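Protein chains in written order, with our numbering: chain A, 1 to 283; chain B, 1 to 283.
None of these hints come from the bench; they were simulated from the model.
Just to be clear, a hint being listed does not mean it is correct.
[To be verified] Facing chain A, a subset of chain B residues (Cβ under 8 Å, in silico):
| hint | residue |
| --- | --- |
| 1 | Val41 |
| 2 | Val187 |
| 3 | Gly188 |
| 4 | Ala189 |
| 5 | Ser192 |
| 6 | Ala232 |
| 7 | Ile255 |
| 8 | His267 |
[Claimed, not checked] Simulated restraints on C-beta separations:
| hint | chain 1 | residue 1 | chain 2 | residue 2 | range |
| --- | --- | --- | --- | --- | --- |
| 9 | B | Thr159 | A | Glu101 | 54 to 60 Å |
| 10 | B | Arg226 | A | Glu101 | 48 to 54 Å |
| 11 | A | Ser206 | B | Asp190 | 21 to 27 Å |
[Claimed, not checked] Covered by chain B, per the in silico footprint, the following chain A stretches (three or more residues, Cβ under 8 Å):
| hint | segment |
| --- | --- |
| 12 | 34–47 |
| 13 | 218–226 |
Predicted model, so just to flag it, every value in this text is computed and none were measured.
Glycine residues also receive a C-beta, built at the ideal position from the N, C-alpha and C atoms.
There are 2 protein chains.
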Amino acid sequence: MMETIVSSATREVIIGHGRPTVLIGERINPAGKKKLAEALVAGNLDIVRAEAVAQAQAGADIIDVNVGTFGVDEVALLPKAVQAAMGAVDLPLCIDSAKPEALDAALKVYKGKALVNSVTGEERSLQAVLPLVKRYGAAVVGLVQDDRGVPRDAEGRVTIAQRILEKAEAAGIPRQDVVIDCLATAVGADASAGMAVIEAIRRVKSELGVNITLGASNISFGLPDRELLNNAFLAMAVAAGATALIVDVARVRPIILAADLLSNRDHHARRYIQAYRQRQSAQ
Amino acid sequence: MMETIVSSATREVIIGHGRPTVLIGERINPAGKKKLAEALVAGNLDIVRAEAVAQAQAGADIIDVNVGTFGVDEVALLPKAVQAAMGAVDLPLCIDSAKPEALDAALKVYKGKALVNSVTGEERSLQAVLPLVKRYGAAVVGLVQDDRGVPRDAEGRVTIAQRILEKAEAAGIPRQDVVIDCLATAVGADASAGMAVIEAIRRVKSELGVNITLGASNISFGLPDRELLNNAFLAMAVAAGATALIVDVARVRPIILAADLLSNRDHHARRYIQAYRQRQSAQ
Chain A
1 MMETIVSSAT REVIIGHGRP TVLIGERINP AGKKKLAEAL VAGNLDIVRA EAVAQAQAGA
61 DIIDVNVGTF GVDEVALLPK AVQAAMGAVD LPLCIDSAKP EALDAALKVY KGKALVNSVT
121 GEERSLQAVL PLVKRYGAAV VGLVQDDRGV PRDAEGRVTI AQRILEKAEA AGIPRQDVVI
181 DCLATAVGAD ASAGMAVIEA IRRVKSELGV NITLGASNIS FGLPDRELLN NAFLAMAVAA
241 GATALIVDVA RVRPIILAAD LLSNRDHHAR RYIQAYRQRQ SAQ
Chain B
1 MMETIVSSAT REVIIGHGRP TVLIGERINP AGKKKLAEAL VAGNLDIVRA EAVAQAQAGA
61 DIIDVNVGTF GVDEVALLPK AVQAAMGAVD LPLCIDSAKP EALDAALKVY KGKALVNSVT
121 GEERSLQAVL PLVKRYGAAV VGLVQDDRGV PRDAEGRVTI AQRILEKAEA AGIPRQDVVI
181 DCLATAVGAD ASAGMAVIEA IRRVKSELGV NITLGASNIS FGLPDRELLN NAFLAMAVAA
241 GATALIVDVA RVRPIILAAD LLSNRDHHAR RYIQAYRQRQ SAQ
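Given these sequences and hints, build the entire structure.
Spelled out as structure tokens, the structure:
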């Protein structure tokens, strides 16, 4: 089983099977966050700094930074946001943009080994993003979608994961620096979507051996009591072999620590009990 | 994949892969319940009736009836408790005792096809319980333990499951009438216990094809915030292939319905949304 190492200037985080699930804080992302979007359009990075600190305190291991919203020049703003986050916390960053030029500009100022979010199985994405990942010695999230979209079943997802790994290796990126995201889609729209993702995670683990991340919350789109569904799905994903999760850390850390303990990824229940005591003393 | 059918005088419940998880209400069991234990010793079955009704209202599909406690003659009391439960609800019963003579006496008065809880892989248990299951045309829960106790790993659990199935078939019991319980043990005592059970469930499903039940709450024994661990574990068990669960239905039905939906066992999210609306209107 492979390990993916990412780092800030001073800290290293290891993503690996059998280790505690690495939590990537998702909150620096203007999608659905009006206040953050408005601040970013105005070039104000105060919320970026505050969210970086808050997520670190909540137990995030890596901070995702995404500034993509209408009215923002990502090539100009993403490096500034990355610098703001680097100034606020000493955690590794996940540099998140659909624009390769913005990734390039942000990687240029980043100190350490970043996680790039993301490359897909689309030819255009592979050609634009992989050379950047190679040039900056970064790691990269590989999303299992291609020109035809996200496959409905596990088989299609695994096939695209395999293709991304082959292309990454051909571009000179070590296999262990690719973290596969099996892409949760709404179970309310397709009843088989949950098991397709869980089965894909199991197969990527057993057949490809690389690390696996997941942004899980799409699974519950359009359904009531989303937190209940998200929690159940996170537990399933950890049991199936996800080694990192892109999440709202403060909300979901308890269930993920429970899942880690149940998955033999928290020896002597040390992290689980410590987090329980922190919750108790915070009450 | 096999289906196990159990019934009361008027209702049938089908346990099967791909179907909604069947909930076996665990509350009629004096272990750890002082008030119920005292009532049973006094021969008072009012709580049995009340708990049967409450669990049926909470969404139980089958009601477990266990009266085993110090000071109770199970051979005399179990049939009375079974009759009390039959009089209170029209759900199938799970007749639960470690004493074969008590199972015999209770099966004699039961109307329908009961689920007997349980036989183990111990020679003495197989010899005493299987002929009763055959004689009364019941179904039976097979616990994966033998004279050496509960195996630590998945492999040992699957081996005992296989042995129970062979012995059942040799006794004339159809394979589909055996429901395997992979036996959760405390993850606080053995960090590998959670994954051993989940892996055993996956393998019993794929290699043996029979139905799988689980009394999940032992997993969290000795740890704080047990509900968090139990919920995560129930979601994992459903994703792995458990088709029935022995649980406190009122407490855990929401997470199990979420897990069913995510596991493609709740088409159009009908049950999930209906339960959500019931919770809303009860508030």
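Subject >> Cut-off 8 Å, beta-carbon criterion: hint that Ile255(B) touches chain A >> reply: Holds: closest Cβ of chain A sits about 6 Å from Ile255(B), inside 8 Å.
Original post:
Given Ala232(B) as an interface hint, is the shortest Cβ-Cβ distance to chain A below 8 Å?
Top reply: holds (4 Å)
Subject >> His267(B) as chain A interface residue, shortest Cβ-Cβ below 8 Å >> reply: holds (6 Å)
**OP:** Closer than 8 Å, Cβ to Cβ, for at least three residues: run that test on the segment 34–47 of chain A against chain B and report holds or violated.
**Re:** Not satisfied, violated; 0 residues make the cut.
**OP:** Return the status of the interface hint for Ser192(B): holds when the least beta-carbon distance to chain A is below 8 Å, violated otherwise.
**Re:** holds (5 Å)
**OP:** Starting from the hint 48 to 54 Å, judge whether the C-beta atoms of Arg226(B) and Glu101(A) obey it.
**Re:** holds (51 Å)
**OP:** Apply the coverage criterion to the segment 218–226 of chain A and chain B: a residue qualifies when its Cβ sits closer than 8 Å to a Cβ of the chain, and three qualifying residues are needed.
**Re:** That given contact holds, which follows from 4 residues of the segment 218–226 of chain A lying within Cβ reach (below 8 Å) of chain B.
Subject >> Ala189(B) as an interface hint toward chain A, with CB separation required under 8 Å >> reply: Nearest chain A Cβ about 10 Å off; hint violated.
**OP:** Indicate whether the distance between the beta carbons of Thr159(B) and Glu101(A) respects the range 54 to 60 Å.
**Re:** With Cβ atoms ~58 Å apart, the hint holds.
Original post:
Does the nearest C-beta of chain A fall within a distance shorter than 8 Å of the C-beta of Val41(B)?
Top reply: violated (37 Å)
Subject >> Verdict for Ser206(A), Asp190(B) (Cβ pair) under range 21 to 27 Å >> reply: holds (24 Å)
Original post:
Was the hint right that Gly188(B) lines chain A, CB cutoff 8 Å?
Top reply: Because about 6 Å separates Gly188(B) from the closest Cβ in chain A, which is inside the 8 Å limit, the hint holds.
In terms of the numbered hints stated before, the structure departs from hints 1, 4 and 12, listed from lowest to highest.
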